[in-house]
Amino acid sequence: MLRTLFWTFFRIAAVTPGGGLVMLPILQQEFEERRKWISPEDMVDILAMVQSTPGVIAVNMAVMLGYRVAGIPGALAATIGAVLPSFLIILVIAALFHSLGGAELIDHAFAGVRAAVCALILLSTIGMAKRILKGWLEVVIAAGACIALVVFGVNAIWTILVGCLLGLAFKRNA
Amino acid sequence: MIFLTLYLLFFKIALFTFGGGYAMVALYQQELVTNHGFLTGQEFANIVALAQMTPGPIGLNAATYVGYQVGLAQSGLPAPWGGILGSAVSSVAIVSPSLIVATLVAMFLRHFAKSRLLRAALSGIRPAVLGLIAAAVLFFADASIFTAPLRSLWTGAAAAFGVSLPALAIFALALLVRIRSKKIGILWILLGSAALGILLKTG
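Taken in sequence, the protein lines are chains L and U. According to the working numbering, the first sequence holds residues 1 to 174 in order. According to the working numbering, the second sequence holds residues 175 to 377 in order.
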């Protein structure tokens, strides 16, 4: 289990150009769908928490998911896996410092990956929406949060806070 | 000693960064270039570009690369050991707050899982997070498929808004493949899209 955590996060960090959200589809695939080590609800809760904890979001995801699956050793295994590629790559680059001629190639490659990731996150979101939008309150909160961010540039933490309060207000006795 | 300074500096930055990568980069600039003068503005810009070009979260990459530079330049150790130690120290420093805080939060969640109040709170938080992720998808599209940010549609720069055809093609293909077959692993889809990106000269 620890080895899986380590290698999964290692592979993700070694291939994906970006932070926590980009990891989401792969994490869902590996831990939710294939191994069923965490539930979809767990995943969403982790996503909620990593928005409100300080630090690199992807690292927070590794810590929380690793902890959820295998306690503190799990958190460490996942985190080390997530951090190692970065460290190894800089060593390689430092060694080959003068041969950065492939920069344009890398740009194109990553642009392609970004487009694909956009599609994948969209699918993840739709999948989560089916599970989360159970009633009118949920739809209002979700739409509100999205609009607050996109149109008004409100800080994410406020939307989570408001959602939290509304949940407490309306769902206390469910 | 420079390594202790590096550790404390990156620990502090990570502890005070909420909201991810670019916020962190802004803090880096302030501390590393302006306050401590470890790097020139140009050196910093190069490192940020590198951090974006290489896989992994930008905040983490930048920390590693900066640690390498600073360790190399200021530790007095023979190259490349100063750099290796520097990048190791900064990497550990940048994840330390996460290890501590996120673990505590995870423990808290697990311990209070049955609490009625916590469950009520979470039932409100989950749709909010869904909204945030939907927003993130739109922002992501800004940087991957659209030629100008979505908000230019209502801020008056609508003429610049459009769609990059190669990116859109890759987007559609990834969508199709993923919907049709759960067996094709995501990593393969990403590798394929990287290849296509090069082929179509995307972005």
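Calculated from the structure, these hints are not laboratory results. Just so you know, even glycine gets a beta-carbon here, dropped at the ideal spot from N, CA and C. Be careful, since some hints might not be right.
[Claimed, not checked] What follows is a list of derived Cβ distance ranges for each label pair:
(1) L:ARG11 <-> U:THR214: 31 to 41 Å
(2) U:THR208 <-> L:ILE126: 36 to 46 Å
(3) U:ALA346 <-> L:TRP158: 44 to 54 Å
(4) U:SER355 <-> L:LEU88: 40 to 50 Å
(5) L:ARG3 <-> U:ALA322: 37 to 47 Å
Evaluation of the provided hints:
1. L:ARG11 <-> U:THR214: 31 to 41 Å: holds, 35 Å
2. U:THR208 <-> L:ILE126: 36 to 46 Å: Holds - the Cβ-Cβ distance for THR208 (chain U) and ILE126 (chain L), about 43 Å, lies within 36 to 46 Å.
3. U:ALA346 <-> L:TRP158: 44 to 54 Å: Taking Cβ atoms as reference, ALA346 (chain U) and TRP158 (chain L) lie about 35 Å apart, which means the hint is violated.
4. U:SER355 <-> L:LEU88: 40 to 50 Å: Given a distance of about 32 Å, which is not inside 40 to 50 Å, the answer is violated.
5. L:ARG3 <-> U:ALA322: 37 to 47 Å: holds, 45 Å
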